[in-house]
Each structure stands twice: as C-alpha cells, then as structure tokens.
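Chemist: Read off the chains here:
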Amino acid sequence: MLGRIFALVVKEFLTLLKDKRSRLVLIVPPLIQLMVFGYAATFDLKNVPFAVYNEDRGFASRELLAAFDGSPSFTRVAQVTHESEIAPLIDAKQVLMVVHVGPNFSADLLSGRPVALQVIVDGRNSNTAMLAINDVSVMVDRFNREWAASHDGNLPPSHVETRAWFNPNLESRWFFLPGIVGILTLLVTMLVTALSVAREREQGTFDQLLVTPLRPVEILIGKTLPGFLIGLAEASVITLAAVFWFKVPLLGSLLTLYTGIVLFLLSGVGVGLMISSFAVTQQQGLLGAFIFMVPSIILSGFATPIRNMPVLVQDITLLNPMRYFLLVLRGVFLEGLPFHLLIQHFWPMALIGAVALSVAGWLFRHRMY
Amino acid sequence: MSADTRRGGSRMRLRGLVRKEFLQIVRDPSSIAIAFLMPIFLLLLFGYGVSLDSEHIPLALVVEQPNADTASFTAAFKQSRYFNPVAYADTREAEQALMAGRVNAIVVLRQDFSRQLRQADGAPIQLIVNGVDANTARIISGYVEGAWEKWLEHAALQRGQKLDVPVQMEQREWFNSELRSRNFLVPGLVAIIMTLIGALLTAMVMSREWERGTMEALLVTPLSMSEVILGKLIPYFILGMGGLVLAVSMALFLFEVPLRGSLWVLFATSALFLVTALGMGLLISTVARSQFVAGLVALIATFLPAFLLSGFIFDIGSMPGVVQAITHLIAARYYVAILQTVFLAGNVWSVILPNVLGLAVLASVFLGLTWRNARKRLE
Chain A
495 MLGRIFALVV
505 KEFLTLLKDK
515 RSRLVLIVPP
525 LIQLMVFGYA
535 ATFDLKNVPF
545 AVYNEDRGFA
555 SRELLAAFDG
565 SPSFTRVAQV
575 THESEIAPLI
585 DAKQVLMVVH
595 VGPNFSADLL
605 SGRPVALQVI
615 VDGRNSNTAM
625 LAINDVSVMV
635 DRFNREWAAS
645 HDGNLPPSHV
655 ETRAWFNPNL
665 ESRWFFLPGI
675 VGILTLLVTM
685 LVTALSVARE
695 REQGTFDQLL
705 VTPLRPVEIL
715 IGKTLPGFLI
725 GLAEASVITL
735 AAVFWFKVPL
745 LGSLLTLYTG
755 IVLFLLSGVG
765 VGLMISSFAV
775 TQQQGLLGAF
785 IFMVPSIILS
795 GFATPIRNMP
805 VLVQDITLLN
815 PMRYFLLVLR
825 GVFLEGLPFH
835 LLIQHFWPMA
845 LIGAVALSVA
855 GWLFRHRMY
Chain B
2 MSADTRRGGS
12 RMRLRGLVRK
22 EFLQIVRDPS
32 SIAIAFLMPI
42 FLLLLFGYGV
52 SLDSEHIPLA
62 LVVEQPNADT
72 ASFTAAFKQS
82 RYFNPVAYAD
92 TREAEQALMA
102 GRVNAIVVLR
112 QDFSRQLRQA
122 DGAPIQLIVN
132 GVDANTARII
142 SGYVEGAWEK
152 WLEHAALQRG
162 QKLDVPVQME
172 QREWFNSELR
182 SRNFLVPGLV
192 AIIMTLIGAL
202 LTAMVMSREW
212 ERGTMEALLV
222 TPLSMSEVIL
232 GKLIPYFILG
242 MGGLVLAVSM
252 ALFLFEVPLR
262 GSLWVLFATS
272 ALFLVTALGM
282 GLLISTVARS
292 QFVAGLVALI
302 ATFLPAFLLS
312 GFIFDIGSMP
322 GVVQAITHLI
332 AARYYVAILQ
342 TVFLAGNVWS
352 VILPNVLGLA
362 VLASVFLGLT
372 WRNARKRLE
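Chains as they are written, first to last, in our numbering: chain A, 495 to 863; chain B, 2 to 380.
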C-alpha cells in the first residue's frame, strides 16, 4: 500500500513540477507577494501630504506647526493663502488634509482665550482620515500640555496613561504580517489542490486512476500529500522571512506554531480537494477556488475585525478555517500564547479538514459521468 | 467595392464568432454564474461583513475603590455605543481576560483616584490595550481619551468652572462627514469584484481553445487575429457589464452609498475598467500554454493584488516607493480611485482623467500583448 501511495505522490509532484511554467508559478509569485504585501499592508500613515493655511503671524502657531513638520506621518507639500485654494487641493487628492490656523491664534492663546485649530480632511477613505485625525489630536494634546506647563495654565485634574501590551509601539505591520503568512499559505494550497482532480477529470485520466488497484483512501492520501508538503515548505519560508526580514517577534513556541500550520494545511488541502473533485471542468474548479478563497480572506479578520460584522456574518465565519489560523498565528507570534489556550482554535480546523477530506474521498467514486 | 465587401465580410465573420462564444457561454452555465451570481453573493457578504467602524468593544473596568468620582467616570463608558464595559474586581482578573481575548482593553482607576484628583499632579487613569491589532488599539485609546475629555468638561461644569484647554481641535471631514467606512469600502469592493469577474470570465478562454486544438481550426478560417480577440472580448464584455450594473445598483440602493458624480461617468469609466480586466484575463490565457497554468496565474495575479495594492483599504501614499511603483501595474488601483471619487466627491476631473489614462494604457498593453503573443504562437 505504501508503495502505491508513494508512486502516486511521485506522479503528482511530477505533474506539478515538470512543466517549467507551473513550477515557476508555484515558487516565485508567493515569495514576491510576501515582499510586496509585507510592505504594503500597514495602517501606519507615512508622509501623508498636507497643506497649511496659516493666517496667524505669531510664534505660537509656528511652534504648533513645527510639530506637524517633525512628524513622520505628514509631509507639508503646499501653502494655502486663501480659503478658495483649499477645495481644489483636496478634491484632486494632492493633499489629504489642510490645517487652518485663524488670524488671532497667537494673540488669543496668550491672553488665555480658547482658540481653535481647524483640520479639514479628505474623508473618501474614512479609515485614513480617522488615522490622520488621531495623529493630529495626539500632537495638539502634547502642545496643550507643554503650553499649560510653560504658561502656568491649569493642567487637567487627571490624565490617561496608555500602555499597549504585546505591541508597545502599535506597529500595524506586526498585526498584518502574521496574517500574510496565513493568506499566502492558503494561496499555495489552493494552487496545488484546486485543479488537481478537476484537471484529471477533464482529461479523463481520473477514470484510469480509479480502475488501478489504488483504493479511494490511497488516492486521497496521494492527492493530499503534495499540497500538504509544498504548503508546509512555503509556510516555513514565509515564517522565516517574517521573523528575520520583517523582524516580527515570534514569542510562542515553534511546536504550537506548527500544530496550527499543519491543521490549517489539512483543512485548506481538504477544501481544495473537495472543490476540485466536485468540479467537472477546470473552469469550474478555478471558480470554486475563488469562491472559497475570496470570502475566507475578506471575512477572516485579516484587515477588518470580525467583531464589526453583523451577527449572521460572524456566525458564517465560524466555518472559515482562516479565521482560526489567524488567531493562532497572531497569538503565537505576538502574544506568545501557550498550546492549551489555542486548543479552542485547533479543533475547529481539524474538524473542517476531516469533514472536507472525507467528502472529497467520497466524491472520487460517486461523482462520475 | 472590394474594400466594402471585405468590411461587410468582417462584420459577418465577427458576428459568427460572437454567436459561437455566446452559445458556449449559455451551454456552460459557470460563466453566467460568474457574471451575475458572483457580484450579488460577494457584495452581499462583504458589503455587510466588512466594516472598520468599531462598536461595542469589550472593555474591562477595574475600579479599586468605588465612589462618586469614579461612578461619574464609568458612567461615561456605559452610555457610549463604542464600548461594552464589564466590571472586574481586580487588575489580575482583568489581565487574564485580556490574555484570553475576552476583552480588548482595561481601564484601571486606582485606590487613591479621588484623593489624587484633588492634588497638583492629578490622578492617573490607566489604560491597557491589546496592541496586537494596532488599528483597533489606536481607535480604543482615541475613544477613551474622548470619553475622558467629556468627563472632565462635565465635572468642570458642575463645579461652575470652564475647562481650560488652550487649543481645541476642530475637525471637518469632507465627502464622508460621518466617516462611515461602508461608504468607501463598498466602492472598493465593487472594484475588487469586477477585477475577479473580468479575469475569471476570460482567463481560461483562449487557453482552452489552444489546449483542445480548436484554436488552430479558428486560425485556418478567414478570421484575423484581431477579429478573434474582439470576438472573445465582446460577449464577455456584455456579460460583465450586466454584472457591473447589478453591483452598482446594489451599492446605490442597498448600501445607500451616495453618488455625487454622474451616472454616465461611472459607467463609461467602468466599461473601460472592464475592458482592462478582460484584457488581463485574455493575456493570461494566451501566455499560459494550458488551462492549468492559466488558472494558477489568475488565482495569483487578480484577487490579492487588487485587495492589498489598490488603495481599497491600505493607503498607497504610505507604502514605500518601490511598492507604490508596483501598484501602478494594478488596474484596480485606478478604478478604486475613480469609484471613490465619483461616488463620494463628484466629477472631479483632476482625479478622473489621470486614472482613465492609466486604465487606457494598461488596457492597450494587455490587448496588444495578447495580439502579439497569439500571433507569434502561430509560427
């Protein structure tokens, strides 16, 4: 039996790797995507263009605006001298934000009257707008505190001391990179499995496979192993790159991490094979792979939190192996969670994998034309 | 006269090929499913599912010695729609809840909060956030500071004083004054979904003909290469526009995204984008020798780049220069910028025109390369 499975595995690897193009497609793009996406996926603003509309000639406004120029989030690209210039700049997306200082800013501030700093933001991307507003309000708070301290104003009777656990500088890249490990692992397993049965069905070689002495279980193992092994290799490479290139801390144990990877690969390969054996043509296989992959990434909590979804959609995400894998990855990488705290995410992946693989094996025999 | 008959013949040949493609589409229902069911299914799922507006964040409140001061502070959280506060007796218990992911943040008021409140350096309010999701962590700390400021103002008013804040920030958000994330996410989703549909519809088309050998049969007919490409493009373009009309109507009427630009700009630019997306699919299927490789390339080259590099969620301006340069190769990038502007800001030509130009360049590159590659393979 082992010999038969081995022969099938060798044949599967040959079909995947003997053609130069498909070999290239399996190895190169995921690595390029890791590099590109690793740098692209961040919510930290950097060099966002803004313009200043300063009607005040005093030193106080200059002091406040110096804080903007010193911030890595913003780059001053334009100076506005009249209100009518604001709209064209923002409309054309030349600046994300215009900071407006009124004419009596310094004088009012010195005489203790409250003054306003007007910030106009492009809300087309509301998330970027909110991040910019947050950054500005941090700078204004700091200015207020320093001003109150140096001009014997009243300090507020309390203050908020914030500490961020697991990610003290709140680098959003730390949050997204483990997610990218998950996404690319899913992509690779889909690449290897989604068309593997569909292609043989379309070309008629699957019927030949079924009349060989191989039992369905053996075919299943033979079809599972290549996706599993290639996925394991690529997940390891991507993890190494995340740790050594992008310097994401890996606090948890490798054993816990690999338990998660193995279970996720099983569920990914299982669903991929299930889709593939359900499809009659390769086009249907590809369609199925997309219909599975797209929601499982968008509804995984990768970019937008699951908590923000309506309850019904939250319930649907319980069927998504990616959801559990992301929790495992982030837990192991950033929080250093121990094995036993992650069991609640391990078993659903194992269950999804087991069900999907059995359905795939059953379909081998029962979906014939 | 001979030129005239040639043109007439070309039209007839093209009509024949388009008819053949349509028959193929009708007999394999998966193309129709891609064009019509996929936008409905995906837009419903994502339109409702994807949101960056955090509400009901679970938050642990630890008040070590409850009294009137702390009660007025915690009341601010109980009224807020952003938080679901849960009271914990001591910090250790709350920290365990944070570790287990049951709460996202802890607010601690120490034993001597009331006493320190009346002292010179003030009373600290401790906020511990789970920083793993840095974005949510920032939102939480922004909300907590907002609640804290409101509380200060309220307390000052009760004492008959005015709160002394030197500079007040006044913010105005143009185009999306409530900062409703759905307003920018739904147009972005339309762009991603149309990328998928465009590429999926055509990714396998030419490779299937090559693989089955019917391409050679097509080539011995009087059809020229451009006619073959046009013949493949037209039926899928019509299908894709159908899907696009569906998606845009859902955005307007179901998700109530305001449309501030004009409808014709929306559809004209969408048609151009669809040609670009279909062209990319045709190019993939021509370069790949087999459906297998074409399928793999379509999986890699469409969804993830459109999702991560289009400016749909992640701000392109904040990416490093090299990555920004790469985003220029992604058709969805131009379309997302156009859609977000036409939907939320209006017909701003200074945004629309450069992006239309970008799409046009990409479309001609894709179709030109398809034409060249298909011809070369003949030799």
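Keep in mind that the hints are not guaranteed to be accurate.
The following label-pair restraints were derived from C-beta to C-beta distances [as the list claims (entries may be wrong)]:
no.: 1; chain 1: B; residue 1: 85; chain 2: A; residue 2: 737; range: 51 to 57 angstroms
no.: 2; chain 1: A; residue 1: 809; chain 2: B; residue 2: 269; range: 20 to 26 angstroms
no.: 3; chain 1: B; residue 1: 103; chain 2: A; residue 2: 541; range: 49 to 55 angstroms
no.: 4; chain 1: A; residue 1: 598; chain 2: B; residue 2: 269; range: 47 to 53 angstroms
Covered stretches of chain A, as calculated for chain B (at least 3 residues, CB under 8 angstroms) [claimed, not checked]:
no.: 5; segment: 506–517
no.: 6; segment: 633–644
no.: 7; segment: 702–708
no.: 8; segment: 711–722
no.: 9; segment: 733–743
no.: 10; segment: 751–765
Honestly, the hints are just simulated from the structure, not real lab data. Ideal Cβ placement from N, Cα and C applies to all residues, glycine included.
Chemist: Are the hints correct? Go through all of them and say.
Modeler: Now for the hints, and whether the structure bears them out:
1. Separated by about 35 angstroms at the C-beta atoms, residue 85 of chain B and residue 737 of chain A break the suggested range of 51 to 57 angstroms.
2. Checked against the hint of 20 to 26 angstroms, the C-beta distance between residue 809 of chain A and residue 269 of chain B comes to roughly 40 angstroms, which is inconsistent with it.
3. Checked against the hint of 49 to 55 angstroms, the C-beta distance between residue 103 of chain B and residue 541 of chain A comes to roughly 38 angstroms, which is inconsistent with it.
4. Separation of residue 598 of chain A from residue 269 of chain B is about 48 angstroms and conforms to the stated range, judged on CB atoms against 47 to 53 angstroms.
5. Here's how the segment 506–517 of chain A fares: 3 of its residues keep a CB closer than 8 angstroms to some CB of chain B, so the rule of at least three is met and the hint holds.
6. Counting residues of the segment 633–644 of chain A whose beta-carbon sits less than 8 angstroms from any beta-carbon of chain B gives 6, enough to reach three: the coverage restraint holds.
7. Check on the segment 702–708 of chain A: 0 of its residues sit with their Cβ under 8 angstroms from a Cβ of chain B, so the three-residue criterion for coverage is violated.
8. With a threshold of 8 angstroms between beta carbons, the proposed coverage of the segment 711–722 of chain A by chain B is violated, since 0 of its residues qualify and at least three are required.
9. Figure legend: the segment 733–743 of chain A, annotated as covered by chain B; annotation inconsistent (0 residues with Cβ-Cβ distances under 8 angstroms, at least 3 required).
10. Coverage of the segment 751–765 of chain A by chain B is violated. Counting CB-CB distances below 8 angstroms, 0 residues qualify, and the rule asks for three or more.
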